[in-house]
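Just so you know, the sequences run in chain order S and L.
Mapping the first sequence onto my numbering, position 110 (from 1) lands on 227, and the numbers just tick up by one.
Mapping the second sequence onto my numbering, position 550 (from 1) lands on 667, and the numbers just tick up by one.
Rather than coming from a laboratory, the hints here were simulated on the basis of the structure.
Cβ atoms here follow ideal geometry from the backbone N, Cα and C, with glycine treated the same way.
A few of these clues could be false.
Unchecked claim - Which bits of chain S does chain L cover? Going by a derived footprint, with three or more residues having C-beta under 8 angstroms, they are:
hint : segment
1    : 233-246
2    : 321-329
3    : 394-408
4    : 507-516
5    : 544-550
6    : 554-562
7    : 628-641
Claimed, not checked - A few chain S positions that, by computed beta-carbon distances, are all more than 12 angstroms from chain L:
hint : residue
8    : Asp119
9    : Pro121
10   : Glu290
11   : Leu456
12   : Glu498
13   : Gly533
What the hints assert, rightly or not - Here are the in silico distance ranges between beta carbons for each label pair:
hint : chain 1 : residue 1 : chain 2 : residue 2 : range
14   : L       : Thr153    : S       : His334    : 46 to 56 angstroms
15   : L       : Ser609    : S       : Tyr152    : 53 to 63 angstroms
16   : L       : Glu463    : S       : Gly235    : 51 to 61 angstroms
17   : L       : Asp531    : S       : Asp282    : 36 to 46 angstroms
2 protein chains.
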Amino acid sequence: MDFPLTLQAILRRAATIHPQREIATRRSDASWHRYTVADMARRAKCLSLALARLGVGPGDRVATMCCNHYRHLEAYFGVPAAGFVLHTLNFRLHADDLVHVINEAQDKVLLVDECLLGVLDSFRERVRLEHVVVVGGDDSISQAEYAAADTLDYETMLAGVAAEDFQWVDLDENQAAAMCYSSGTSGRPKGVVYSHRALTLHTIVAGLSTGFAISEHDCVLPVVPMFHVNCWGIPYTAALVGAKMVFPGTCIEPVSLLEAFEQERVTITAGVPTIWFGLLDALDADPGKYDLSALHTLLVGGAAVPESMLRAFEERHNLRLVHAWGMTETAPMGTISHLRHGQPTEPNEQHYALRARQGTPVPLIEIRVRRDGRLIPWDGESMGELEIRGPWVAKEYYHAMDKTDRPNDDRFTDDGWLRTGDVVSIDPVGSMKIEDRVKDLIKSGGEWISSVDLENFLMAHAGVAEAAVIAKPHAKWNERPLAIVVRRHGQSLTEDELREHLKPRVASWWIPDDFEFVESLPKTAVGKFDKKKLREQFVHGGILKSNNDN
Amino acid sequence: MDFPLTLQAILRRAATIHPQREIATRRSDASWHRYTVADMARRAKCLSLALARLGVGPGDRVATMCCNHYRHLEAYFGVPAAGFVLHTLNFRLHADDLVHVINEAQDKVLLVDECLLGVLDSFRERVRLEHVVVVGGDDSISQAEYAAADTLDYETMLAGVAAEDFQWVDLDENQAAAMCYSSGTSGRPKGVVYSHRALTLHTIVAGLSTGFAISEHDCVLPVVPMFHVNCWGIPYTAALVGAKMVFPGTCIEPVSLLEAFEQERVTITAGVPTIWFGLLDALDADPGKYDLSALHTLLVGGAAVPESMLRAFEERHNLRLVHAWGMTETAPMGTISHLRHGQPTEPNEQHYALRARQGTPVPLIEIRVRRDGRLIPWDGESMGELEIRGPWVAKEYYHAMDKTDRPNDDRFTDDGWLRTGDVVSIDPVGSMKIEDRVKDLIKSGGEWISSVDLENFLMAHAGVAEAAVIAKPHAKWNERPLAIVVRRHGQSLTEDELREHLKPRVASWWIPDDFEFVESLPKTAVGKFDKKKLREQFVHGGILKSNNDN
Chain S
118 MDFPLTLQAI LRRAATIHPQ REIATRRSDA SWHRYTVADM ARRAKCLSLA
168 LARLGVGPGD RVATMCCNHY RHLEAYFGVP AAGFVLHTLN FRLHADDLVH
218 VINEAQDKVL LVDECLLGVL DSFRERVRLE HVVVVGGDDS ISQAEYAAAD
268 TLDYETMLAG VAAEDFQWVD LDENQAAAMC YSSGTSGRPK GVVYSHRALT
318 LHTIVAGLST GFAISEHDCV LPVVPMFHVN CWGIPYTAAL VGAKMVFPGT
368 CIEPVSLLEA FEQERVTITA GVPTIWFGLL DALDADPGKY DLSALHTLLV
418 GGAAVPESML RAFEERHNLR LVHAWGMTET APMGTISHLR HGQPTEPNEQ
468 HYALRARQGT PVPLIEIRVR RDGRLIPWDG ESMGELEIRG PWVAKEYYHA
518 MDKTDRPNDD RFTDDGWLRT GDVVSIDPVG SMKIEDRVKD LIKSGGEWIS
568 SVDLENFLMA HAGVAEAAVI AKPHAKWNER PLAIVVRRHG QSLTEDELRE
618 HLKPRVASWW IPDDFEFVES LPKTAVGKFD KKKLREQFVH GGILKSNNDN
Chain L
118 MDFPLTLQAI LRRAATIHPQ REIATRRSDA SWHRYTVADM ARRAKCLSLA
168 LARLGVGPGD RVATMCCNHY RHLEAYFGVP AAGFVLHTLN FRLHADDLVH
218 VINEAQDKVL LVDECLLGVL DSFRERVRLE HVVVVGGDDS ISQAEYAAAD
268 TLDYETMLAG VAAEDFQWVD LDENQAAAMC YSSGTSGRPK GVVYSHRALT
318 LHTIVAGLST GFAISEHDCV LPVVPMFHVN CWGIPYTAAL VGAKMVFPGT
368 CIEPVSLLEA FEQERVTITA GVPTIWFGLL DALDADPGKY DLSALHTLLV
418 GGAAVPESML RAFEERHNLR LVHAWGMTET APMGTISHLR HGQPTEPNEQ
468 HYALRARQGT PVPLIEIRVR RDGRLIPWDG ESMGELEIRG PWVAKEYYHA
518 MDKTDRPNDD RFTDDGWLRT GDVVSIDPVG SMKIEDRVKD LIKSGGEWIS
568 SVDLENFLMA HAGVAEAAVI AKPHAKWNER PLAIVVRRHG QSLTEDELRE
618 HLKPRVASWW IPDDFEFVES LPKTAVGKFD KKKLREQFVH GGILKSNNDN
């Protein structure tokens with residue numbers, strides 16, 4: 118039984134069991150590029166060979182700065198299949214951060230979309246890359262502009278090798294397959310390395326009905342960027358089970374997505390709440406325009422989803438959001454909120470409240486909650502910091518050569534659990550609810566106020582588009598909540614109306630002392646409210662420090 | 118990410134995520150014993166502690182000779198959770214074989230059902246067991262008869278310890294969790310050891326839609342004995358995903374099973390074809406009597422299923438058999454025949470022909486076909502011997518102390534694949550069809566005739582209850598097929614009618630030269646046709662030898 122758990126096995130399975138399954142990518146002109154899993158596997162092997170020819174060796178990092186398309190998928194398989202390490206870059210990061218992560222990871226080769234060459238230009242001279250490979254837009258072979266600038270062309274490179282020459286090399290399941298950097302709201306991005314074993318197990322568990330529930334009969338369109346924590350593992354799971362894959366390319370505005378869902382009969386899609394907020398507006402603007410009858414699941418994660426959003430999709434458009442939770446450090450699948458046995462299927466209060474929770478850990482993931490070092494009972498009320506372990510949970514952050522400079526190793530407990538920084542409660546059947554981030558909690562008079570709960574209650578008000586709540590220092594209570602609110606278009610809305618709205622929903626001492634109305638809220642590179650920026654703007658420097666303990 | 122894959126993780130998950138899920142066991146008076154997963158987990162921990170107190174240590178074998186009931190389930194978890202090895206005994210084996218396997222495995226403790234004490238009596242003096250623990254019938258504490266004979270009582274033993282004292286010990290995922298002996302049709306039973314890793318991966322993959330597709334919303338009743346290759350892994354998968362479990366106890370005759378399916382709203386059941394043949398008769402005798410509307414899947418494996426049986430269940434009773442294939446050496450899940458993407462869902466010829474195949478390897482299982490050392494293409498026609506590998510495929514048979522006496526190590530190729538002894542073809546999307554056992558193939562004039570195909574065609578005749586085909590030596594053709602047929606009750610049936618029936622279905626040279634009509638066919642301990650006995654009966658000694666090359 119010496120069969121290692123590697124992405125090679127996933128690629129071999131896809132190519133032999135599902136060779137004719139389609140992979141479709143939207144071109145920038147809205148037409149479709151289509152090919153099969155067999156084509157993908159062949160080209161992934163060619164990529165392995167071409168990279169080896171460039172001098173990439175076992176364990177070397179190959180970075181990508183690409184949108185969601187079939188060539189990026191080829192890198193998802195072709196890079197790790199040869200024993201190289203796929204490093205997906207978040208091209209929305211600040212150039213300083215990109216320079217940091219590329220140099221720390223010691224990326225040897227960069228695959229970059231032609232349409233993102235401008236981003237590369239902004240830091241090209243500050244990074245040590247041996248080769249830059251330009252991935253042409255659409256189907257074109259685009260060598261023109263960059264040929265002079267010492268770059269290679271992806272298609273030309275693949276044309277120079279023959280898939281038949283590919284040999285399966287023996288890999289250790291514990292060797293690195295991929296890496297990502299977390300884009301926290303504070304500090305430098307921190308690198309997490311994923312082993313073949315970790316990603317393979319993640320891939321399988323994601324296929325379970327208690328995971329993302331993807332089957333051969335599904336058609337999956339990940340809106341979540343392929344640089345965002347392995348695209349939540351969706352491409353690997355789709356390949357394993359034989360689901361059709363659809364990639365949006367650069368066409369990710371709401372109407373384009375709706376067209377893609379309809380045209381390709383997409384059954385499962387996935388993205389952060391920001392995406393679905395936009396989609397909801399587009400659906401509301403023209404209800405019933407698109408035939409989305411095939412679409413049974415919209416996976417949503419990366420930030421908490423307000424219950425009102427679940428309701429809006431379901432009641433207005435008969436679409437089901439499924440709430441999931443994870444982190445860069447958890448590869449990312451941690452918990453998911455499917456309805457459990459015996460829970461109400463009819464859409465009542467309890468039903469939505471249950472589904473708005475972050476949900477139950479997926480198989481092989483274990484969670485516990487501690488406060489002041491003591492375990493907290495799973496009674497649905499007691500709060501503490503979530504700790505997590507499992508075969509795809511990081512046990513450390515990546516640190517290059519300098520072993521003395523280990524970032525945030527206090528995030529890992531002595532007995533091997535990851536401290537998530539999330540304040541949660543867990544109910545008696547293991548369903549977790551994030552009450553807040555440890556650093557975003559408002560500590561008022563020795564008690565905790567959840568900024569997330571307040572935000573969700575505020576955003577449930579018809580006049581509120583978005584709302585963020587942060588702590589404001591207070592002489593007597595230590596901290597008090599401050600709400601920063603974006604009004605819905607054309608709505609007038611007063612502080613008093615919001616107070617009245619909150620009164621029946623939260624304890625009186627939770628109601629914010631102050632409200633600020635703004636035009637928009639700053640977001641992080643992955644679409645979460647940027648509370649660091651909000652604190653900089655609304656709370657003064659000296660106080661900021663004490664709130665920003667991560 | 119140092120999280121080992123062990124059955125401990127499955128038990129912990131069941132106890133924390135699905136604590137209130139029900140486990141029901143039929144008592145011999147047809148009433149039900151009911152308790153929860155939390156109860157089971159608590160008692161499994163007590164079993165661990167009680168065995169340790171008996172002197173059982175890490176790696177020691179604990180044998181069971183039990184029917185399918187909740188206490189057997191406690192052993193499924195309690196034995197491996199403490200680092201001991203669960204050895205499930207097939208109590209239908211000959212006493213000589215039981216003596217061999219108990220002594221070779223060096224079982225230290227035997228848990229035996231009170232109703233099987235007679236079996237134990239037949240060989241008790243020939244085995245070296247340190248302790249015999251009697252598992253009482255139903256809920257009773259039954260110490261009476263055997264107390265004198267130096268045995269322990271299961272309930273008394275559990276009552277002597279407290280679950281709170283249980284401590285999780287660190288296990289290596291590669292250490293043994295369980296073992297089974299294969300009951301081949303020839304030679305001594307051969308032992309296979311399953312590691313924690315192997316069973317844990319099997320457990321997860323069995324939950325996939327491309328596996329046994331068990332979810333939290335299912336209610337599973339395994340008819341397959343719990344001694345038969347880990348009960349196909351079903352108890353472990355049910356515990357992992359939170360499906361309700363129903364055990365038939367000693368009530369396994371067809372009418373009792375139908376009652377259980379109806380009363381407990383069973384959704385998935387599993388067993389060998391012999392069981393379903395019996396069930397079909399009971400259904401035919403009184404169609405529509407039972408409300409089986411919840412039952413969506415009858416898993417069938419352990420022997421090939423004739424297409425006619427799939428049709429009979431579906432067309433006459435709206436019940437779906439799902440054909441799976443595996444071996445003791447594959448833990449056992451190997452392939453399964455779900456309808457694939459794009460295949461016809463309407464019940465036409467092609468639909469049934471596809472579903473009657475053994476099907477597609479489940480994720481992480483890889484197959485290949487060789488003939489005379491060369492790989493055979495996946496064209497749906499070319500035949501050769503099936504070879505298999507994967508994380509739960511054995512790489513050797515168990516050999517106790519004497520390392521020189523390794524049984525059948527020629528079953529494993531130099532590059533690590535298991536030679537299955539099955540002659541198969543594979544279609545272009547990886548669906549496998551067993552044409553025959555290597556040793557049962559009829560080699561006629563340099564060509565191969567599949568005894569299995571002939572048997573299935575014969576059993577599709579309305580007048581045939583069962584049919585087996587074996588090779589008969591022939592001076593000119595080397596071998597020719599001989600059919601041994603059991604007529605359906607009250608049916609007259611002639612050799613000529615069967616020849617006419619076969620004519621449009623097979624090549625003329627496949628049609629058996631001889632037919633024998635018998636009252637019944639001999640079966641092996643797991644319900645397969647015993648071709649060894651048939652050869653002894655219908656073919657003479659000298660010839661038998663050349664046919665029995667395993």
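Among the hints numbered above, which are violated by the structure, and what are their numbers in rising order? Of the numbered hints, 1, 3, 6, 7, 8, 9, 10, 11, 13, 14 and 17 do not hold.
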